[in-house]
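**Q** Residue numbers (my numbering), protein chains in the order written: chain A, 36 to 278; chain B, 5 to 514.
Worth flagging that the hints you see were computed from the coordinates, not collected in a lab. Incorrect hints may have been included.
[Unchecked claim] Just so you have them, the derived chain B footprint on chain A, three or more residues with Cβ under 8 Å: (1) 52-62; (2) 74-86; (3) 105-112; (4) 135-141; (5) 236-247; (6) 250-264.
Because the structure is a prediction, the values reported are computed rather than measured. In this text, a Cβ means the ideal position worked out from N, Cα and C, and glycines have one as well.
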Amino acid sequence: MTLSQRDLADVGVLIGCALRPKMRPGADSEYRTLLSRYRADVEFRNAVDSVLEGLDAQVLSDSDLGLVLGVRRESVFAYRISDLPNVGGVTERLLVGLVSVAIAAYAFPTPADFDDDRVRWVSVDELERFLRETCERFKRTSEQAQGSLDEAWRTYDRLSPGYKADRGKGKARRSPASSTYWIAHVLTWMVDQALARSAPARGPEVFQLLERFRIQAAELAGNAAYDALAAIRRGDHDRRVAP
Amino acid sequence: MSDLSTVGGAVFEESFGDRVRALLRARPVADAADNAARQMWGGCEYDVVTLALAAIDAVIAKQGFDHEVTYDEAVSGLAVLAAGAHPERSIDEHVAVARYVVDALLNRKEREAPFSYQVSIFGRADDGSVRHRVGTAEFRLLTEHEDHRRGVNVLRASTDAINALVGGLEFDVEDEQAAIELMLARQLERGAFGQAEKAAERSLLLSIRYADELRTLLADTVRDIRTVLPQWVREVPEQLERNRTHLEERLATESRLLGHLRGALDAPDTEPEVAKASARIAALLEKCRQRHTELHGKLVNARTIFLDEQARQSFRPVGGLRNPDIMDGLFLPLLALRADVAVEPAEAFAVLVSGGQVPRVVRVADLVDDLLAPRRAPSPEDPPVPDEELGDPDPPAIPPEVLGAAARLVNEVGLPARLSDLLLSARAADLPEEVEQVIVLAALWKYAPETAQAVSTAVDTAARVLGAAAAVDADGARITLPGWSGDDLIVAQDEEALSRWATVADRDAS
């Protein structure tokens with residue numbers, strides 16, 4: 036049996052649903068039907084997977100949460116960090132990256148933590164403290180070792196931890212020169228991407244990391260970033276530094 | 005030495021450690037009761053231990069079903085109990101007590117870390133002297149999980165909590181179950197119904213724990229088959245086979261017992277108390293049987309899941325299978341790298357974790373409009389302030405009079421009510437046709453929200469007509485009113501009223 040044109044249209048509908056991370060199969064009957072078809076019908080599943088392959092994306096998970104897509108960086112669907120407000124230069128991109136990794140490291144410190152699907156909470160203040168303490172540790176060891184002065188942690192360490200009035204108008208606002216600005220910035224972005232949700236009942240600026248975050252970090256982002264790091268260590272880095 | 009054998013010898017027994025650990029499971033509850041005195045409401049003595057057990061019980065009752073208990077449901081349930089204990093105190097205080105109890109079971113104070121206690125492990129050295137070492141016992145009682153279908157957080161009781169509640173002892177599930185059946189049958193013969201009921205309750209708890217064990221195994225299998233492969237090779241197939249025959253036996257036994265109980269009910273000379281007790285037990289056993297049937301379905305599928313996962317995961321890239329070590333493998337090395345080098349992998353993580361976006365295509369018409377629009381104040385980069393309102397609400401598509409009439413009508417009829425009753429009274433009151441439509445739409449929205457368009461408007465409308473906490477469910481009854489078709493929905497003012505309705509309806513039906 037081959038797939039009809041109608042089936043191929045369904046493939047498109049399902050991918051369309053998967054690209055809207057806030058859509059839930061529980062609330063949308065068509066999504067639900069197509070999702071169970073994806074899980075049961077091998078031919079349909081292969082068609083969806085192949086189309087996604089062509090779009091440089093892959094299915095990371097097909098639970099009741101919906102299809103969770105992993106999008107490779109070369110894909111048209113890949114997020115561009117520079118699309119975020121106030122993120123233009125190298126320093127800003129580094130900060131967004133570091134804070135993202137820090138959130139994952141804080142919520143899932145060991146590999147085994149990814150196997151536990153209990154809810155994880157993070158707050159801007161907790162993360163700031165966590166990053167600050169890590170920086171302090173680096174500071175202590177580097178004083179003895181006399182390392183270079185441009186390691187990544189110094190970029191974070193240079194930011195002030197508190198609120199900093201931004202040109203002094205209106206309410207107390209954070210300036211991009213404060214570290215909490217960047218943490219709040221990344222967390223708000225994650226809320227937009229349906230990776231987290233704000234939990235005002237648990238205190239100011241507390242966020243719940245959603246299941247989607249666990250899947251993305253465990254199945255794709257963690258290992259891919261680790262591979263990038265390993266490639267740098269293997270020698271890409273040397274070539275770039277001393278061409 | 006001789007002293008030891010008479011006084012402290014028990015510590016060397018094999019079951020001793022188990023008993024210590026079993027006792028430890030109660031400690032978080034005891035600690036919470038101790039600390040209660042230091043709370044704002046500490047002067048008023050609430051029974052924290054009872055509330056804690058009630059919370060675990062409430063969680064277990066729905067565990068594994070479609071609608072597991074949420075944090076808020078657990079809190080409101082306990083608040084009712086607290087209110088029963090001290091009706092003279094304020095509602096806020098009752099809620100605070102309930103929150104305190106649930107938070108203590110979750111260990112929120114320690115950021116949901118497992119409870120951890122030190123235990124002494126005694127042993128004998130070769131020369132007969134006593135050896136002591138310190139071990140740690142770690143466990144959780146309640147955990148919070150995301151319900152994928154509903155998008156809310158639900159509570160689950162850990163195996164430790166279930167066991168602590170069952171009796172604080174680690175039994176082999178199957179043997180315990182058989183023992184309970186036996187006990188129940190005997191108790192029925194002797195007419196000891198009070199105990200029989202307790203036994204049936206324990207049998208239900210064991211079924212739940214059993215299902216939980218299987219769920220964990222299957223979840224691990226789906227996640228990464230390699231972590232459970234040795235288990236599947238050695239223990240699991242045998243275990244599954246044994247479980248399957250065991251379950252079939254249980255299903256048969258329980259329906260036999262049910263028949264037995266019904267016999268007691270139907271007998272003409274049954275005392276009313278006995279009849280009442282056996283009716284309750286019969287309901288319990290029915291619940292057990294449902295659990296078993298469900299479990300049986302899972303068991304039958306287990307092997308297929310294993311084979312499917314084996315086929316699926318063998319084609320996955322190896323890198324994707326292992327869980328990443330973010331802290332030591334990524335985070336710390338990244339911070340130590342030179343800033344300009346670290347950008348690349350750090351950004352890679354952020355991009356990949358974000359899950360992508362759909363690129364927006366610019367339409368010329370929009371572009372022209374945007375270019376001609378007056379300049380906006382530049383402030384999109386701020387984190388949102390919680391109390392900020394997002395502009396004015398859209399003008400309602402339904403005239404306010406119609407909404408008001410619908411709300412008044414619902415108020416007059418009173419909830420909970422059948423949808424058909426609401427519609428009938430709308431017709432009787434000779435209201436415009438829109439009123440009927442609004443009521444139906446509000447009920448449907450509460451029953452199954454669609455996310456297609458204007459969500460906030462729909463939520464507001466439904467809240468205005470039916471009340472903010474209204475809950476709607478179907479029980480299969482059809483609507484018979486001319487002009488409408490489908491399920492005759494039950495509309496209640498809140499979840500609790502809905503469940504009360506369901507209980508009453510169940511009782512009427514039986």
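**Q** Count the residues of the stretch 74-86 of chain A whose CB lies closer than 8 Å to any CB of chain B, then report whether that count reaches three.
**A** violated (count 0)
**Q** The stretch 105-112 of chain A covered by chain B? Criterion: 3 or more residues, Cβ-Cβ distance below 8 Å.
**A** holds (count 7)
**Q** Establish whether the coverage given for the stretch 135-141 of chain A by chain B is satisfied; the threshold is a Cβ-Cβ distance below 8 Å, and no fewer than three residues must meet it.
**A** Held - the stretch 135-141 of chain A has 5 residues with a Cβ nearer than 8 Å to chain B, which meets the minimum of three.
**Q** Between the stretch 52-62 of chain A and chain B, see if three or more residues pass the 8 Å beta-carbon test, and mark the coverage as holds or violated.
**A** Three-residue rule met by the stretch 52-62 of chain A, so holds; n is 9.
**Q** Can you confirm whether chain B covers the stretch 236-247 of chain A, using C-beta to C-beta distances below 8 Å and requiring at least three such residues?
**A** As far as the stretch 236-247 of chain A goes, the hint holds, because 6 residues have Cβ atoms under 8 Å from chain B.
**Q** Mind checking, does the stretch 250-264 of chain A have 3 or more residues with a CB under 8 Å from chain B?
**A** holds (count 14)
The structure shown violates just one earlier hint, number 2.
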